Amino acid sequence: MAEVLERVTKIIVDRLGVEESQVKLEATFKEDLGADSLDVVELVMELEDEFDMEISDDDAEKIQTVGDAVNYIQANS
Amino acid sequence: MKIEGKNALVTGASRGIGREIALELARQGANVAVNYAGSEKMANDVVDEIKSLGREAFAVQADVADGDAVSNMMKRVIEQFGSIDILVNNAGITRDNLLMRMKEEDWDAVIDTNLKGVFLCTKAVTRQMMKQRSGRIINISSIVGVGGNAGQANYVAAKAGVIGLTKTTAKELASRGITVNAVAPGFITTDMTDQLNEEMKAEMLKQIPLARLGEPQDIAKVVAFLASEESRYMTGQTLHVDGGMIM
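In order, the protein sequence lines correspond to chains B and F. Just so you know, we're using full-length UniProt numbering here: the first sequence kicks off at 1 and counts up by one. Just so you know, we're using full-length UniProt numbering here: the second sequence kicks off at 1 and counts up by one.
Since the hints were made in silico from the structure, they are not lab data. Just so you know, nobody snuck in bad clues.
Simulated restraints, written as ranges between beta carbons of each label pair:
hint, chain 1, residue 1, chain 2, residue 2, range
1, F, LYS131, B, ALA75, 21 to 31 Å
2, F, MET100, B, GLU31, 50 to 60 Å
3, B, ASP32, F, TYR233, 33 to 43 Å
4, B, LYS10, F, GLN217, 46 to 56 Å
5, F, GLU79, B, SER77, 17 to 27 Å
6, B, GLU6, F, LYS131, 17 to 27 Å
The calculated lysine-lysine pairs, modelled on BS3-like cross-linking and capped at a C-alpha distance of 27 Å, are:
hint, chain 1, residue 1, chain 2, residue 2
7, F, LYS131, B, LYS24
8, F, LYS131, B, LYS10
9, F, LYS123, F, LYS2
10, B, LYS62, F, LYS171
Values in this document were obtained by computation on a predicted structure and should not be read as measured data. Ideal Cβ positions, reconstructed from N, Cα and C, are used throughout, including at glycine.
Next comes chain F alone, as it looks inside the complex:
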């Protein structure tokens, strides 16, 4: 796929799906800025792995829910790479609970990181991409943002919001050569899904026609496609990568 020599920023790239996306983009030839919020060591491991693939990489700390931190991160990436061709908004957290038990602060924390974070990073990168007259923005939503999920009101609301934001951003930026698409992963094996209890996992497996959990790699491959020249006629779309859970 054609992303050779492109410069990418992946948020929340120190572990899980973000880590795999960063590595996959590098395997396909991109240089990658590895954003992390707290896991510096893990982010540095990802950087080392990318460098061993012969690509440029560096770790950049920023809380995506903090506007100033996000603009500083974007400045740093542009200084370092000279351009930014691919932004993957992947950073996300969970604070699961039933609606009736959900604390307001848990609602706010998830909306801030998972939805506002996408807005802030997109806004910050748009200036550069508009100047370049090209860019790829890929937002990581979730299949629960399409179908709902008991116990995740905050997460689901944020992930559904990301789909709407994807469509609007796609419409606003299409005339400037920037495409914006979303990927909605299903049930993928990561630290985040390890937190779900066995009952929830068993329940979800029943709903997966392909009868297995997804791997981070399953998501990363689709993201790499959306980041590439091959997907140039797609914008505003949400690709479900979920083993067929929601059709």
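Next up, chain B with everything else stripped away, as it sits in the complex:
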């Protein structure tokens, strides 16, 4: 959990230019972290590369918060 969260956080900080302290599990990408739709698509792409997995379009649409991403990765990697 901690390790996945750490790697996810790093990607979010790099991609969205937010502070690490803002990246909380309940934070939504769009409202809380200021991402637009394309940013979220890119984040998912980077998560796929980082964790060497494929996230289907349907699943990707369900990933709206940092916690969603972490949970998805833990359940599927």
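Dock chain F against the given chain B, drawing on the hints supplied.
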């Protein structure tokens, strides 16, 4: 023009306009993946010609209307070239008939290859281009997609669709350094237009102010411009290359 060392994929590049586009990009310095659906030998001839120009090239078979085939093609191109800077969506077919005589399967076949194919190839290349923060997508539409043409309801609908798709893709991807433009050829001498009957050809010639059919080369030069650094401030546009047919 500045496309030296860029990597390109041209769909439907074994003959006609696609072949000339592949060759022109190579002449301007690009490496080219030559996609074909069925004409393997002709695709290999294009590859040989590009290699003789001192550029890298290889043939890659894929039906652009098949999503899995398209993603495999894109993977192959990226493996081979390491990046993909230019995508030219050129693959197209015709199944002409009057609307009243047009079979549903002929409608579907043309929409699948000429419109859905552009969507699938664009979607597949976007991942790589977004990562690169740069890319050029050039879609080959047709002047009939702007003005309509009796006997080509399916083709015209697909080519008009390509123009709308070009504009939308341009808007979605602009912030990532990717430009998307279309070229709308007029009446160009290829295998495809050879199928038109004399009456249709004579009728079309009357509508061309420059009073001649176009050559594949006329299209290829404009595509090369859109693929180059020189066109960097253009996106979402459709350039009519038609001897002045539609202004």
